[in-house]
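Undergrad: Now for the letters of each chain:
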Amino acid sequence: GQQVMQIPQYQHVQEGEDFTTYCNSSTTLSNIQWYKQRPGGHPVFLIQLVKSGEVKKQKRLTFQFGEAKKNSSLHITATQTTDVGTYFCAEVNTDKLIFGTGTRLQVFP
Amino acid sequence: SQTIHQWPATLVQPVGSPLSLECTVEGTSNPNLYWYRQAAGRGLQLLFYSVGIGQISSEVPQNLSASRPQDRQFILSSKKLLLSDSGFYLCASYFRTEAFFGQGTRLTVV
Numbered sequence: 334g335q336q337v338m339q340i341p342q343y344q345h346v347q348e349g350e351d352f353t354t355y356c357n358s359s360t361t362l363s364n365i366q367w368y369k370q371r372p373g374g375h376p377v378f379l380i381q382l383v384k385s386g387e388v389k390k391q392k393r394l395t396f397q398f399g400e401a402k403k404n405s406s407l408h409i410t411a412t413q414t415t416d417v418g419t420y421f422c423a424e425v426n427t428d429k430l431i432f433g434t435g436t437r438l439q440v441f442p
Numbered sequence: 060s061q062t063i064h065q066w067p068a069t070l071v072q073p074v075g076s077p078l079s080l081e082c083t084v085e086g087t088s089n090p091n092l093y094w095y096r097q098a099a100g101r102g103l104q105l106l107f108y109s110v111g112i113g114q115i116s117s118e119v120p121q122n123l124s125a126s127r128p129q130d131r132q133f134i135l136s137s138k139k140l141l142l143s144d145s146g147f148y149l150c151a152s153y154f155r156t157e158a159f160f161g162q163g164t165r166l167t168v169v
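Protein sequences, first through last, are from chains S and C. Going by the working numbering, the letters in the first sequence line up with residues 334 to 442, in that order. Going by the working numbering, the letters in the second sequence line up with residues 60 to 169, in that order.
Heads up, some of the hints might be wrong.
Unchecked claim - Taking lysine-lysine and the DSBU-like style, the derived pairs with C-alpha atoms no more than 30 Å apart in a straight line are:
no.	chain 1	residue 1	chain 2	residue 2
1	C	K138	S	K390
2	S	K384	S	K403
3	S	K369	S	K384
4	S	K429	C	K138
Simulated from the structure, these hints should not be mistaken for laboratory data.
Please work from the sequences and hints to get the whole structure.
TA: Shown next, in the form of structure tokens:
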């Protein structure tokens, strides 16, 4: 079945360090979305990528969609304690919204 | 922007009891609606989704069911809860390019 894997599962960083999470699919993705879930909260939409090789930035966050549309990454520059949470990639495919396995980020001050 | 109303926020139910979680959507019409379950510290497991009134697709065979009696109402039910049904249940509405989530219901089956 359709699977979207994310690595790493967990990441602990010191505040100010960079962080990257990777999303990999066994099939070509029609699009990729990224969500952030704060501890105890619900997922919140961050961005959508559609085009092969697309790169988008939101302040310290950089999102990339692979050339083959089978992988994507989220990079955070100079992490802050407010970046703590779980980051999910997701794909909408024939009405199904499938989430990746998620990467939990912990930032130590 | 959409608003997703989901209640209750927390629920403690005995094994074998019934369940009904309701989700309503404001701010859009004819959205795709989803129910997810999230175990502690884990990912989002898609349980059911609906593209319209009365249309339900099930992703995981289990003792749960879903219904969509109105365009912006999505209900998750069970006739008899199991211990393994414990988790964080999230309702989501997807329209055009992003999903909006309710606050979630934390269900503990005891």
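Undergrad: Now tell me, hint by hint, if it's right for this structure.
TA: These are the hints, each one checked on the structure:
1. In summary, the hint linking K138 of chain C to K390 of chain S is not supported, as the alpha carbons are separated by about 47 Å, beyond the 30 Å threshold.
2. For the hint pairing K384 of chain S with K403 of chain S, the CA-to-CA distance comes to about 12 Å; that is within 30 Å, so the pair holds.
3. A C-alpha spacing of about 21 Å is found between K369 of chain S and K384 of chain S, which places the hinted pair at or below 30 Å, so the restraint holds.
4. Note on K429 of chain S and K138 of chain C: the hinted pairing holds, with a Cα-Cα distance of about 26 Å set against a maximum of 30 Å.
Hint compliance for this structure: hint 1 alone is broken.
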